[in-house]
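Asks: The chain contents come next:
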Amino acid sequence: KAGVTQTPRYLIKTRGQQVTLSCSPISGHRSVSWYQQTPGQGLQFLFEYFSETQRNKGNFPGRFSGRQFSNSRSEMNVSTLELGDSALYLCASSLEGNSPLHFGNGTRLTVT
Amino acid sequence: GIQVEQSPPDLILQEGANSTLRCNFSDSVNNLQWFHQNPWGQLINLFYIPSGTKQNGRLSATTVATERYSLLYISSSQTTDSGVYFCACRQGAQKLVFGQGTRLTINP
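Residue numbers (our numbering), protein chains in the order written: chain G, 2 to 113; chain X, 77 to 184.
So that you can see chain X by itself, here it is in the shape it has in the complex (with noise of 0.2 Å):
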């Protein structure tokens, strides 16, 4: 089955600093989605980027599908940006698969 890896695991910032987050994934996938668990463990949708570039406020994300591997971009990082990252992959009709997480902490 496909392998996500994602990189840093672990990224700490101070507020106002700009971020980039890495996914990469071993086979052609027609889905692939950026997740941000908060401390309370909510998994929240950030992206689905399957392809191409898309903004949403600070954070944009580009996924590379010819060189299999995706970005997510925070930038002026607030203390509320803190928690788990995780990119997820699925290739055809099998399991989304997701990579390991990226810890960011943001301090005052």
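The shape of chain G in the complex, shown without the other chains (with noise of 0.2 Å):
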């Protein structure tokens, strides 16, 4: 079975500018969430998505935003990118909310 596949890997963009990742989850898999890793902040939560509703949100600005399609891959998006966003983002899937998380390689991201 393939795993969570996350696109792209990496990326370099420019404060100002805004970003979509991709998340592909374990095929049946029905739970998506995602998070932020710095390294001073650890891992942070961003959102979580269930069968396309949102079930819970972390606390980020609005700029964050996410969306769970019929097929379960997700997608974020971050607008007006900030220096502080540079980060490697984090999705993970599981077959329902309490299951184990399995997570993808991660896409890390650069805002210069």
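Worth double-checking, as some hints may not be accurate.
[Stated by the list, open to error] A few chain G residues that face chain X, going by a derived Cβ cut-off under 7 Å, partial list only:
no.	residue
1	43
2	99
3	103
4	104
Just so you know, these hints were derived from the structure itself, not from any lab.
Being a predicted model, the structure only gives us computed values, none of them experimental.
The beta carbon of each residue, even a glycine, is placed where N, CA and C say it ideally should be.
Fit the two chains together into the complex; they arrive one by one in their own frames, and the hints show the way.
Replies: Here's what the structure looks like:
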């Protein structure tokens, strides 16, 4: 079974631009969650989606948004990028909310 | 929300040594996982263990839910065990909360 796939792996953007990251969950998994990892803040929860509905949301500004499609694939978007948005963005999928999470390899975003 | 604390923050050992990593959580949980993050940033699922004991090769984990802690044991450490180990907990339908991690360095 293929694992969680995140694209792209690396991304360099300029302040003020926007970016869209993609996550394809393990086949059959209906829950997708997103995390931001920075050296100073550790792993911070962004969103969780289940069957196209946002179930939980972390404490991030409105510039961060996400969605899940009917095939369980998910995207997250960050608008008006700031230098502090530079981070490793990790996506995880699970069968349902309390099942074990399986992570993708992440997208490393650099904002210059 | 739930608080998750891991100790120690850093651990340096020689190859072959055994280690114990601890995760304390502030409230009852229905989901607890241990992850290993390798130097390339990949988070690998080690154990899903909201209660009880599990073993997988040189690694084992125990969660004592009534006392709100979990332990990860690594025996006969190898250099490939180096990396950061995270404990993550979930209470009910709330978000999964990660501890700050234990950075393990195994020297040859």
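Asks: Per the CB criterion, is residue 43/G less than 7 Å away from chain X?
Replies: Holds - the Cβ of residue 43/G comes within 7 Å of chain X, reaching about 5 Å at its closest.
Asks: Quick check on the hint: residue 99/G CB to chain X CB, less than 7 Å?
Replies: Residue 99/G check passes; min Cβ-Cβ to chain X is 5 Å, inside 7 Å.
Asks: If you take the shortest Cβ to Cβ gap from residue 104/G to chain X, is it below 7 Å?
Replies: Status holds, d = 4 Å.
Asks: Checking hints one by one. Is residue 103/G an interface residue toward chain X, by the C-beta closer than 7 Å rule?
Replies: holds (6 Å)
The earlier numbered hints are all upheld by this structure, with none contradicted.
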